[in-house]
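Following the hints, put chains B, C and D in place on chain A, whose structure we already have.
4 protein chains.
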Amino acid sequence: MAIRVGVVGSDGRVGQAICHAVDKADGLELVARIDKDDALQGLVDSGAEVIVDFTHPDVVMGTLEFAVAHGIHAVVGTTGFDETRLEQVRAWLADAPRVSVLIAPNFAIGAVLSMLFAQQAARFYDSVEVIELHHPHKADAPSGTADRTARLVAQARREAGLPAESPDATTKALEGARGADVDGVRVHSVRLAGLVAHQEVLLGTEGETLTIRHDSIDRGSFAPGVLLGVRRAQSRPGLTVGLENLLDL
Amino acid sequence: MAIRVGVVGSDGRVGQAICHAVDKADGLELVARIDKDDALQGLVDSGAEVIVDFTHPDVVMGTLEFAVAHGIHAVVGTTGFDETRLEQVRAWLADAPRVSVLIAPNFAIGAVLSMLFAQQAARFYDSVEVIELHHPHKADAPSGTADRTARLVAQARREAGLPAESPDATTKALEGARGADVDGVRVHSVRLAGLVAHQEVLLGTEGETLTIRHDSIDRGSFAPGVLLGVRRAQSRPGLTVGLENLLDL
Amino acid sequence: MAIRVGVVGSDGRVGQAICHAVDKADGLELVARIDKDDALQGLVDSGAEVIVDFTHPDVVMGTLEFAVAHGIHAVVGTTGFDETRLEQVRAWLADAPRVSVLIAPNFAIGAVLSMLFAQQAARFYDSVEVIELHHPHKADAPSGTADRTARLVAQARREAGLPAESPDATTKALEGARGADVDGVRVHSVRLAGLVAHQEVLLGTEGETLTIRHDSIDRGSFAPGVLLGVRRAQSRPGLTVGLENLLDL
Amino acid sequence: MAIRVGVVGSDGRVGQAICHAVDKADGLELVARIDKDDALQGLVDSGAEVIVDFTHPDVVMGTLEFAVAHGIHAVVGTTGFDETRLEQVRAWLADAPRVSVLIAPNFAIGAVLSMLFAQQAARFYDSVEVIELHHPHKADAPSGTADRTARLVAQARREAGLPAESPDATTKALEGARGADVDGVRVHSVRLAGLVAHQEVLLGTEGETLTIRHDSIDRGSFAPGVLLGVRRAQSRPGLTVGLENLLDL
Numbered sequence: 001m002a003i004r005v006g007v008v009g010s011d012g013r014v015g016q017a018i019c020h021a022v023d024k025a026d027g028l029e030l031v032a033r034i035d036k037d038d039a040l041q042g043l044v045d046s047g048a049e050v051i052v053d054f055t056h057p058d059v060v061m062g063t064l065e066f067a068v069a070h071g072i073h074a075v076v077g078t079t080g081f082d083e084t085r086l087e088q089v090r091a092w093l094a095d096a097p098r099v100s101v102l103i104a105p106n107f108a109i110g111a112v113l114s115m116l117f118a119q120q121a122a123r124f125y126d127s128v129e130v131i132e133l134h135h136p137h138k139a140d141a142p143s144g145t146a147d148r149t150a151r152l153v154a155q156a157r158r159e160a161g162l163p164a165e166s167p168d169a170t171t172k173a174l175e176g177a178r179g180a181d182v183d184g185v186r187v188h189s190v191r192l193a194g195l196v197a198h199q200e201v202l203l204g205t206e207g208e209t210l211t212i213r214h215d216s217i218d219r220g221s222f223a224p225g226v227l228l229g230v231r232r233a234q235s236r237p238g239l240t241v242g243l244e245n246l247l248d249l
Numbered sequence: 001m002a003i004r005v006g007v008v009g010s011d012g013r014v015g016q017a018i019c020h021a022v023d024k025a026d027g028l029e030l031v032a033r034i035d036k037d038d039a040l041q042g043l044v045d046s047g048a049e050v051i052v053d054f055t056h057p058d059v060v061m062g063t064l065e066f067a068v069a070h071g072i073h074a075v076v077g078t079t080g081f082d083e084t085r086l087e088q089v090r091a092w093l094a095d096a097p098r099v100s101v102l103i104a105p106n107f108a109i110g111a112v113l114s115m116l117f118a119q120q121a122a123r124f125y126d127s128v129e130v131i132e133l134h135h136p137h138k139a140d141a142p143s144g145t146a147d148r149t150a151r152l153v154a155q156a157r158r159e160a161g162l163p164a165e166s167p168d169a170t171t172k173a174l175e176g177a178r179g180a181d182v183d184g185v186r187v188h189s190v191r192l193a194g195l196v197a198h199q200e201v202l203l204g205t206e207g208e209t210l211t212i213r214h215d216s217i218d219r220g221s222f223a224p225g226v227l228l229g230v231r232r233a234q235s236r237p238g239l240t241v242g243l244e245n246l247l248d249l
Numbered sequence: 001m002a003i004r005v006g007v008v009g010s011d012g013r014v015g016q017a018i019c020h021a022v023d024k025a026d027g028l029e030l031v032a033r034i035d036k037d038d039a040l041q042g043l044v045d046s047g048a049e050v051i052v053d054f055t056h057p058d059v060v061m062g063t064l065e066f067a068v069a070h071g072i073h074a075v076v077g078t079t080g081f082d083e084t085r086l087e088q089v090r091a092w093l094a095d096a097p098r099v100s101v102l103i104a105p106n107f108a109i110g111a112v113l114s115m116l117f118a119q120q121a122a123r124f125y126d127s128v129e130v131i132e133l134h135h136p137h138k139a140d141a142p143s144g145t146a147d148r149t150a151r152l153v154a155q156a157r158r159e160a161g162l163p164a165e166s167p168d169a170t171t172k173a174l175e176g177a178r179g180a181d182v183d184g185v186r187v188h189s190v191r192l193a194g195l196v197a198h199q200e201v202l203l204g205t206e207g208e209t210l211t212i213r214h215d216s217i218d219r220g221s222f223a224p225g226v227l228l229g230v231r232r233a234q235s236r237p238g239l240t241v242g243l244e245n246l247l248d249l
Numbered sequence: 001m002a003i004r005v006g007v008v009g010s011d012g013r014v015g016q017a018i019c020h021a022v023d024k025a026d027g028l029e030l031v032a033r034i035d036k037d038d039a040l041q042g043l044v045d046s047g048a049e050v051i052v053d054f055t056h057p058d059v060v061m062g063t064l065e066f067a068v069a070h071g072i073h074a075v076v077g078t079t080g081f082d083e084t085r086l087e088q089v090r091a092w093l094a095d096a097p098r099v100s101v102l103i104a105p106n107f108a109i110g111a112v113l114s115m116l117f118a119q120q121a122a123r124f125y126d127s128v129e130v131i132e133l134h135h136p137h138k139a140d141a142p143s144g145t146a147d148r149t150a151r152l153v154a155q156a157r158r159e160a161g162l163p164a165e166s167p168d169a170t171t172k173a174l175e176g177a178r179g180a181d182v183d184g185v186r187v188h189s190v191r192l193a194g195l196v197a198h199q200e201v202l203l204g205t206e207g208e209t210l211t212i213r214h215d216s217i218d219r220g221s222f223a224p225g226v227l228l229g230v231r232r233a234q235s236r237p238g239l240t241v242g243l244e245n246l247l248d249l
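Those protein sequence lines, which keep their order, are chains A, B, C and D. Read in order, the letters of the first sequence correspond to residues 1 to 249 in full-length UniProt numbering. Read in order, the letters of the second sequence correspond to residues 1 to 249 in full-length UniProt numbering. Read in order, the letters of the third sequence correspond to residues 1 to 249 in full-length UniProt numbering. Read in order, the letters of the fourth sequence correspond to residues 1 to 249 in full-length UniProt numbering.
Hints are not guaranteed to be accurate.
Note that identical chains are pooled: a pair holds if it fits in a single copy or bridges any two copies.
[Stated by the list, open to error] Computed cross-link-like contacts, SDA-like style, restricted to lysine to any residue with a CA-CA straight-line distance of at most 20 Å: (1) 36 to 156; (2) 172 to 160; (3) 138 to 217; (4) 36 to 62; (5) 24 to 144; (6) 36 to 246.
Derived from the structure by calculation, the hints contain no laboratory data. Note that this is a predicted model, so its numbers are computed, not measured.
Isolated chain A, as found in the complex (with noise of 0.2 Å):
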């Protein structure tokens, strides 16, 4: 039987795509698109199984509560997710201990893998920096991706007990051409007409690199991360950040 979804911020570019997404899916059903102006009791008069929702910082907390006391799952990529945040979630399922939220900043499988990867391969190289390209109406350098790679590969490093900085020897620079330093780790943003959304993570020690490179021409390139969510909450109860917990590698 098909999982039978709603879809909140229906109406948005992000949401508009989702429900396209889950409509030409195997095995999902999209049973509810609830936009603003719409109540969520449409979510569970429609039956509803999981919601996703890709929506604001000033709205979703109230759906999420809405949603776990009517046991129904929930698939988030809304931004603003903090630590207290994340304790109210957690106090919400504490109360109904069979649903599942999933929150994570990115959804592109892609972007996850190289992030997961970059980790990993970490411990085994001197240096490592990374490149985001990126169309040119983007408002921050260096990207939510980029930073929070950096930050991962970092981890990494100090876990393996290698120096916060990759070796460097350089003594005259011109401001700014070492690139961004995100807790030790150089970070290079470009902004080229004709990109869409690109990082590359540059892994080398002596006589060889390692390149894990993610490429995004489509928006909607979140969608496979999504449905993957979608498919796994009902076997996954209580609260998830971050799709890599979804990947099983």
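Leaving out everything else, chains B, C and D in the frame of chain A:
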């Protein structure tokens, strides 16, 4: 106390590089250099605890039998180990339960990580192809590493229930354009002056691609893998095939 | 004053994209959209000075004859122009010395620049190979652009006195591994979900390589080349074959 | 008859590589090796027709004055030639109209071609950025070649009427993330173990990008450029600055 290391095949190009690497490595001591005119007894006399053998299929079995019989661990990069030979090694080791033998077709950590990551990622992607690029003096195409990578990826696809072949609507192809077919995976071999040894695994699904690239510009890039094998020898009795088993991923 | 432009084949996917590009371009005015049910006379009635034709080999010659006869310049991306057809166009133009016709197999400026640069660089390098990478729905391998690039590079090698084939010591190859042989140049065709249209020309000599890569992620990447052709139409009477002749390099 | 070549600074690492390259080059004869304890008169005595000088700013002017005065051509890779020095060289050459001096900051043909192609392509693209990647022992960032490439590209943009800066909507950046600003062009410097000397120029416009990448894995990659300079010395009297002027593109 330093681990006492003997290098067999010490006068060849690879052997010399290994001697050099052992010599400057922390915690290792080079105590014996054995080449074709030297008696293996030199290993015992020098108190070698671990040998490194990058020699020839014709002589490696004799050396291994000697080492195991004398309680010396072995790290082996020599090729030609089929199942019959591996069985023989296991039989010798059955009588020497504290001795370890590591046999690996590839000691370049980056190449080994590339294969592992390609395998792990394969099940999330519709398509996968391999491009390997080498100097023009190479005799075989594809490279052994590319062949092995393709086979591992093909197996990962099978295990995930993916079709053997990536989607491909080609109806009109010039002979060879689509590469070699290794277990359903297309492999392309580039030979170019100015290159050394490089490989890219390209994985793709709707809207995104993941590329795992390994560049080796120094034939000494096997050294870190060999040193890792030497350091772990004592703690891993029995036969281990493949460096990936030492990476703790 | 704006250049008055008519688009022939205006209702197809490419035609619509061209209409859109002309519409928003500075200094151009879209005055006629002609599709298969419309009379070519509409071009004259609307006062079109230049037409853009991305249609079909079956109809393009009639359109061109009409345009030249009425003193209208033409920018043509339709395929199928062999020497016989080009001769016919030259004959028509002989009677209309102020009219220009630009026929080009590729209007993506990046693809055209890639070919030019590859040609210019070829004589300084021992080795050259081409890798083209496309979405898996493509029917032919190698792509037309890769085939043409290989032929131009092969010609540049001949003119520089280089051997037709790059150095290659391969003695043991799996069928297809070394790619297709186009005029002595090896061409590799990758087909991968998540890609659109990409090409790399790799040139190598002792110790260094030069790579010219073109990525097109939008089938509308021909638009800038078309607009360039339209703007230069008046100043370039006669037949021009190939966009490269307009780039003033 | 072979061209008679003298190498000044013959005992240094670069000088030795040049001696080696001259020695094995067809049509060239190495007739003099001059290092700091040798008198320049040795060049005259050996009948050198062309000298190659990769030495130091402190001594190169004396050597050049001597060479020009004795009718010997010079190919110079020594750095530090400002306009004052170039004027001085021109003054010496005014009295020796058949003598040629070639001074170039970069003799790697691939690096020179990269710069040329980047310049030629720049005016067709909205955006351009430079990434240079080097071994971690390098002292300056960005590299001299990247700095020069950025300046040439910036000049090409100005000449084409393009704005100095590529489009960039960044409003929130970590310090250094967007690289160094060289004449309006963003330049990123990566330092990584396992690399030698690499550079990418990325050019982009709506829907497409063009990447020109140069990889040098051998510090001897200047040799082909030096040999080209030596061979063309006789046919190019006067002062020539930059190898690009010898490439006949």
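Of all the hints given earlier, name the ones this structure violates by number, lowest first. Of the numbered hints, 1, 2, 5 and 6 do not hold.
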